[in-house]
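Chemist: Sequence:
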Amino acid sequence: MSQDAVFRHWHNPTPEQIASTVPDFLAELGGPTIIHLNGRDNSRCRVMVTLLHGNEPSGLKAVHQMLRSGCQPEVNLLLAVVYVDAALAEPLFSHRFLPSQQDMNRLFSPPFEGCQGAVAKALLEIIREAQPEAVIDIHNTSGEGPAFTVCVEPHTRYLDLATLFTHRLIITGHRLGALMEVSDLGCPVLTVECGGSMQVQSDDIAYQGLTRFFTKPQLYTSVALEEMDVYHHPVRLELNEGGQLCYDDEPRPNMDITLPYHIDRRNFGVVRPDTALAWLGPRGIHVLRALDEQGDDVIDDLFIEEGGKLYPRITLKLFMATTNPDIAISDCLLYAVKETDHDWEATADDEADWK
0 MSQDAVFRHW
10 HNPTPEQIAS
20 TVPDFLAELG
30 GPTIIHLNGR
40 DNSRCRVMVT
50 LLHGNEPSGL
60 KAVHQMLRSG
70 CQPEVNLLLA
80 VVYVDAALAE
90 PLFSHRFLPS
100 QQDMNRLFSP
110 PFEGCQGAVA
120 KALLEIIREA
130 QPEAVIDIHN
140 TSGEGPAFTV
150 CVEPHTRYLD
160 LATLFTHRLI
170 ITGHRLGALM
180 EVSDLGCPVL
190 TVECGGSMQV
200 QSDDIAYQGL
210 TRFFTKPQLY
220 TSVALEEMDV
230 YHHPVRLELN
240 EGGQLCYDDE
250 PRPNMDITLP
260 YHIDRRNFGV
270 VRPDTALAWL
280 GPRGIHVLRA
290 LDEQGDDVID
300 DLFIEEGGKL
310 YPRITLKLFM
320 ATTNPDIAIS
330 DCLLYAVKET
340 DHDWEATADD
350 EADWK
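Counting in numbering that gives the first Met the number 0, the sequence shown runs from 0 upward without gaps.
Think of the hints as simulated: they come from the structure by calculation, not from any bench.
Don't take each hint at face value.
Pairwise CB distance ranges, derived in the manner of DEER restraints [as the list claims (entries may be wrong)]:
hint, residue 1, residue 2, range
1, Q71, V269, 41 to 47 Å
2, Q71, A18, 51 to 57 Å
3, S329, A18, 28 to 34 Å
4, M0, P272, 55 to 61 Å
5, S42, P272, 33 to 39 Å
6, R105, A275, 30 to 36 Å
7, D299, R67, 48 to 54 Å
8, E249, H10, 42 to 48 Å
9, A275, G69, 38 to 44 Å
10, H8, I328, 18 to 24 Å
11, A18, H285, 34 to 40 Å
12, Q71, H166, 24 to 30 Å
We put the CB at the ideal spot given by N, CA and C, even for glycine.
Just need the whole structure built from these sequences, with the hints factored in.
Modeler: Structure below.
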């Protein structure tokens, strides 16, 4: 294993060199690592990124299982295991990011400050140099729910990549500094959310999807649109600064919003105007904001307060509803889309910027 200023590089490890357990494999990596695998066709390359969040292990488990199998990829493959330090912090796989540090998947835009910024910048440089035909970034959701994928623009290539993992694709205009938002990598970048980290099927989705990603001779085959559930224009439901939030089976006093323990069971379910989502405190609905892709607060268009409870004003589909209060406060409570924003819109098939 070699080392540059930021990443360790491991070229073509044999199955015998891979530790038998995922924790031992993670400890063996020790820090941000790029695993290089030669493919049958060495004129092309694909990139898989995982562990941008230390508490989302399904992608790492898929990498470990794949390396232990010894299967050769169809094309050259770079496997980037990024936030190893956070994953190794006890208890293992419990820290999204370390105390005093930032969310790694919010740092892929300038100014690339500090140690984490240096990691993000170095990873982008490695991807650009590799000139891959696709990048997939594998995550777990912070609550339970089905798998889905996310991209930043409508293009049929994202559909082709998404179908390797799931039939759900969300097209978002939010810009948060995530890896998938980087537009100058010369190829599609797709985020894959495999489901919750405690769901057994999440690990299987990650492994089966990664296997398809590295064994398929051609990624882009223009799948039929009817095979996909596509959602547009998601809105982020956030807690305003200073708001108090908790989870319980009944409203708690002195809290601005009390979410039910199992709010994540609503992920990708339809919620109608008669569905109570949470209990609100004396400050009411405006302790929350619902930000659209332009950064405008549209909470009064989508949600309503009635009898001290939060209801959808219109029929919505929710996703990424979390049961982790730290994530709910620091990031968002959930995303929502109008159930009508559910068809494939015009695709941008101009591939001038993609090789």
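Chemist: Now tell me if each hint is right for this structure.
Modeler: Cross-check of the supplied hints:
1. Q71 to V269: 41 to 47 Å: Given a distance of about 44 Å, which is inside 41 to 47 Å, the answer is holds.
2. Q71 to A18: 51 to 57 Å: Check failed, 20 Å falls outside 51 to 57 Å.
3. S329 to A18: 28 to 34 Å: Between S329 and A18, where Cβ atoms are some 33 Å apart, the hint holds.
4. M0 to P272: 55 to 61 Å: 57 Å, holds
5. S42 to P272: 33 to 39 Å: Check failed, 55 Å falls outside 33 to 39 Å.
6. R105 to A275: 30 to 36 Å: 32 Å, holds
7. D299 to R67: 48 to 54 Å: 53 Å, holds
8. E249 to H10: 42 to 48 Å: 57 Å, violated
9. A275 to G69: 38 to 44 Å: Violated, since A275 and G69 (Cβ atoms, about 52 Å apart) do not stay within the stated range.
10. H8 to I328: 18 to 24 Å: 37 Å, violated
11. A18 to H285: 34 to 40 Å: For H285 against A18, whose Cβ atoms are near 52 Å apart, the range 34 to 40 Å is violated.
12. Q71 to H166: 24 to 30 Å: 29 Å, holds
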